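Participant: With the hints as constraints, model all of the structure from the sequences given.
Counting from 1, one number per residue, gives the positions in the sequence shown under my numbering.
No lab work stands behind these hints, which were simulated from the structure alone.
Since the model is a prediction, treat every value here as computed from it, not as a measurement.
Think of the CB as a built atom: it goes at the ideal place given N, C-alpha and C, for glycine as much as any other residue.
Taking CB as the label site, the calculated pair distances span:
| hint | residue 1 | residue 2 | range |
| --- | --- | --- | --- |
| 1 | Met248 | Leu78 | 45 to 51 Å |
| 2 | Ile170 | Asp325 | 39 to 45 Å |
| 3 | Pro337 | Ile170 | 34 to 40 Å |
| 4 | Glu27 | Ile121 | 43 to 49 Å |
Listed next, the in silico EDC-like pairs over lysine to aspartate or glutamate satisfying Cα-Cα at most 20 Å (straight line):
| hint | residue 1 | residue 2 |
| --- | --- | --- |
| 5 | Lys226 | Glu292 |
| 6 | Lys109 | Asp139 |
| 7 | Lys31 | Asp80 |
| 8 | Lys217 | Glu299 |
| 9 | Lys168 | Asp100 |
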Amino acid sequence: MSEEKKDYGETLNLPKTDFPMRGNLPENEPKTLESVLENDLYEKMLKKNEGKTPFVLHDGPPYANGEIHLGHALNKILKDTIVRYKNLQGFYTPYVPGFDTHGMPTEKKAIEKLGLNRDEIPVSKFRDTCKQFTSEYKDKQIEGFKRLGVLADWKNPYITYQPQMEAKQIGVFGDMFKKGYIYKGLKPVYWCTDCETALAEAEIEYKDVDSMTAYVKFPVKDAKGKFDEKDTYIVIWTTTPWTLPGNMGITIGGDFKYSLVDIGTEKVLLASELVENVMKIAGIETYKTLEEFDGAELEGIICKHPFLDRDSRVVLGSDDTILVDLETGTGAVHTAPRIW
1 MSEEKKDYGE TLNLPKTDFP MRGNLPENEP KTLESVLEND LYEKMLKKNE GKTPFVLHDG
61 PPYANGEIHL GHALNKILKD TIVRYKNLQG FYTPYVPGFD THGMPTEKKA IEKLGLNRDE
121 IPVSKFRDTC KQFTSEYKDK QIEGFKRLGV LADWKNPYIT YQPQMEAKQI GVFGDMFKKG
181 YIYKGLKPVY WCTDCETALA EAEIEYKDVD SMTAYVKFPV KDAKGKFDEK DTYIVIWTTT
241 PWTLPGNMGI TIGGDFKYSL VDIGTEKVLL ASELVENVMK IAGIETYKTL EEFDGAELEG
301 IICKHPFLDR DSRVVLGSDD TILVDLETGT GAVHTAPRIW
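Facilitator: Now the structure itself:
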């Protein structure tokens, strides 16, 4: 007698869903493109919340100089998620995408991909060629962002080569000039010899260099009646000892506590929290704290430069000048002026 064949899958209590097991993107992407973008879903979202509180996400534009990549995808998908979420909350959510078509990133890509020699091509032709180059990639990027399902006003993006955009930028520059924000001064400008253009400081990569640091004693000349100046020093710590010839001051923290410490034949003044560490570094085992001061009390004390015939004044640090911390050093910062 043959046993009846059983389907043991029917005995399992499995969830029932119409959700497909596979993404099947070649078939589903065109449907998404049609239902989401060609069906004007973005415009319908705006219409739904018309007249309500606006939430505007300003789009930092990508350079229109190549196909979209994972960085573009992450950027636009995150923005799309935020805009959709705020729309579901009831906000009016216009989202105008943009494209940056100016600057060296665009010119450099155009030179590479089109094989241009910008030293031989007329400026007007070079400019027009770059504009055409960015216009083509702007269209390619729009198609790529649409395939990601990003909802935006793709029919009316802002493009930096548009005359109205350039006119607005000139207008803003003019307003800044009238308010005195634009001026000519002396400042080092980082320059790329390859691209022949200015570089942002963030683009500069520095080589790690080990250098000597130094603890330096500044003899106190006038303590302003706070303590006896004889054989008394303020100890500074610097990571740039080669700038000591330019010293004009000693910066301390007005909110810190400072201790006058007897180390035997002389007395030193430094931040209370750093006394133990400095003594250990200096190999001084026997010392005694004589007095403690608020940093603000020490402002105006005059010291002598350690090796030049010049005075060095104690000043208080602030967010606008020299920052003083208690993580390293002595709580007293060697201060020399910088000429810009």
